[in-house]
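Asks: Now for the letters of each chain:
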Amino acid sequence: MSREAEAIRRAAAGDGDAFAGLIEERWAFLVRFARSLVGEADAEDAVQEGVLRAWRRLPTLRRPEAFGAWLTRVVARTSLRRARRGAAAAGLMPLAAAPEPRSEPDPDGRLDVELLLSALAPRQRAVMHLTVVEGMSDGEIARALGITAAGVRSHRRRARARLRRAIEGGPRR
Amino acid sequence: MKRRRRNRTEPDPAPGRVEARPESADPGMTRSGSTDPGVERFVEGFRRWAARPPRTPAAQAAVRLRGLLAESADGSERRPPVAAGRWWRSAPTGRGIGRRAPPAARRWWLAGATAALAAAVGFWLLVPAHPPSPASAPATVALALEPVAVDDSVAVIPLDDVTVLYLSLGTRGSLPAPERGVTR
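Chains A and B supply the protein sequences, listed in that same order.
Using the working numbering, you'd call the opening residue of the first sequence number 892 and step up by one each time.
Using the working numbering, you'd call the opening residue of the second sequence number 103 and step up by one each time.
Please note that a few of the clues may not be correct.
Claimed, not checked - Only some residues are given here: those of chain B computed to face chain A with a beta carbon under 10 Å:
no. : residue
1   : V141
2   : F144
3   : L167
To be verified - Covered, in the sense of this in silico footprint (three residues per stretch, anywhere, with C-beta under 8 Å from a C-beta of chain B), are these stretches of chain A:
no. : stretch
4   : 905-914
5   : 919-929
6   : 941-949
7   : 965-975
8   : 1018-1032
What the hints assert, rightly or not - Distance windows between CB atoms, simulated:
no. : chain 1 : residue 1 : chain 2 : residue 2 : range
9   : A       : G1037     : B       : G169      : 29 to 35 Å
10  : A       : T951      : B       : P155      : 40 to 46 Å
11  : B       : V229      : A       : T951      : 39 to 45 Å
12  : A       : R948      : B       : A221      : 31 to 37 Å
13  : B       : A218      : A       : A896      : 46 to 52 Å
14  : B       : G169      : A       : R894      : 21 to 27 Å
15  : A       : S893      : B       : R150      : 32 to 38 Å
Don't read these hints as lab results, they were simulated from the structure.
Just so it is clear, CB atoms sit at the ideal spot from N, CA and C, and this is done for glycine as well.
Please model the entire structure based on the sequences and the hints provided.
Replies: Take a look at the structure:
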C-alpha cells in the first residue's frame, strides 16, 4: 500500500493528522481552482468549507484511489454554490454590471483576466481553469466536476464563444 | 450523416491524482497559435493570474485544519466544526431553512416532526370525519318504505317527490340487493 493510500485509509478511519497532510499536499491546487470560481477574496474560505465537508463524508468514499478527484469535486461544488450565491459577494463582478475600465488600455493590449472571467458562468470558469491552468484531460475534468466528457467540451466551447464576444466588445486594460 | 463515435473512457494512469496532461487538453485553448488571438491572450493571462500562490501557505493551512479537526474530535460524531454562528440558523428555529442543523438538534427536530405526523395520521384514521346518521343507511330506509308498484321483476319505491328507487327482484316474494340505483 502506498504512503498516500495508507494516509487516506487512516483519514477515513478518523485520523485528522493524516487528513490534514493530504490537504496540505493539495492546498495550492485547490486554492487556485477555487480562486477561478469565486475570486481571490472568497477562495480560501470556499476551500476550507469544502475540505470540512469532505472530512465529514470521507468515510463514505468507496474507492480511496479516487480521493483526489473526489476532493476536487467536493470543493468544486462548494465553490460553485458560493459563486451562484452572488458574483458580487464572491468578488467577481458580472460583466454587465462592471464599471468603466479601471485604467487605460495597456500599450501591449493586455486583457483584464478577472473581468473576462466574470463573463463566464461558474461551471465554465471551472472547466477553463482545469483545462488551461491545470492541463487536465476531458476525462479527468469530467470526474472532478461530476459531469460527462461531452459536457466538459460543451462548457469549454461556450466559454470560448463568450470570451471571444467579451474580448471583442468588452473593456481592456 | 453519421458521426464517428469517440471513446470517452480515457485511461487514467494515476486514478485520483490530478496530473498535468497538456497534450490531451483542448488545442485551441492551451497551445499557442490559436485561431483566435484574443482568446489565446486570455489563456496566457489566465495562466499567470491563476499561478499566484495562495495567501495562506499550505503548511499554515494544514495547521489550522488540524486544529479544527482536533476540536471536532471532542464530539461524539464525526463532524468538524463549522464557522461560529452558522449551525443554529437551521431547521429547529426556522432560520436559514436548508442549512445543515447539528445532528443532535436535528434528531430532536425530526423526532418531534415524526411524532406530530403520526398523531395527525392516527387521529385521521380513528376519528371519522362524519358520524353515521340514519340517512347513511339507504337500504334500511328503502325497506321501510312502501313500494307503490310491484310486478314479477321490479319494485318501485318513491323516496320523495322526484326520486324513485327501482329494485330489480330476482324471485317473487324475496327482496334481493338493488341492481339499479336511484333515478330521477
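Asks: Could you run down the list of hints and mark each one as holding or not?
Replies: Hint check:
With its C-beta approaching chain A no nearer than about 5 Å, V141(B) sits inside the 10 Å limit, and its interface hint holds. Below 10 Å, beta-carbon pairs count as interface contacts, and F144(B) has one with chain A at about 5 Å; its hint therefore holds. About 5 Å separates the beta-carbon of L167(B) from the nearest beta-carbon of chain A, less than 10 Å, and the hint is met. Check on the stretch 905-914 of chain A: 7 of its residues sit with their Cβ under 8 Å from a Cβ of chain B, so the three-residue criterion for coverage holds.
Check on the stretch 919-929 of chain A: 6 of its residues sit with their Cβ under 8 Å from a Cβ of chain B, so the three-residue criterion for coverage holds. Only when three residues or more bring their CB closer than 8 Å to a CB of chain B does the claim for the stretch 941-949 of chain A stand; here the count is 4, and the claim holds. Residues of the stretch 965-975 of chain A lying with their CB closer than 8 Å to a CB of chain B number 0, which falls below the three-residue condition for coverage. Counting residues of the stretch 1018-1032 of chain A whose CB falls under 8 Å from any CB of chain B gives 12; the rule of at least 3 is met.
About 30 Å separates the C-beta atoms of G1037(A) and G169(B), a value consistent with the hinted range of 29 to 35 Å. Checking the proposed 40 to 46 Å range against T951(A) and P155(B) shows it is violated: the Cβ atoms sit about 32 Å from each other. Between V229(B) and T951(A) the Cβ separation comes to about 44 Å, which falls inside the hinted range of 39 to 45 Å. Separated by about 35 Å at the C-beta atoms, R948(A) and A221(B) satisfy the suggested range of 31 to 37 Å.
Checking the proposed 46 to 52 Å range against A218(B) and A896(A) shows it holds: the Cβ atoms sit about 48 Å from each other. The supplied range of 21 to 27 Å is met by G169(B) and R894(A), whose beta-carbon atoms lie about 24 Å from each other. A hinted range of 32 to 38 Å holds for the C-beta pair S893(A) and R150(B), which are about 34 Å apart.
Hints 7 and 10, counting from the list given before, are not met by this structure.
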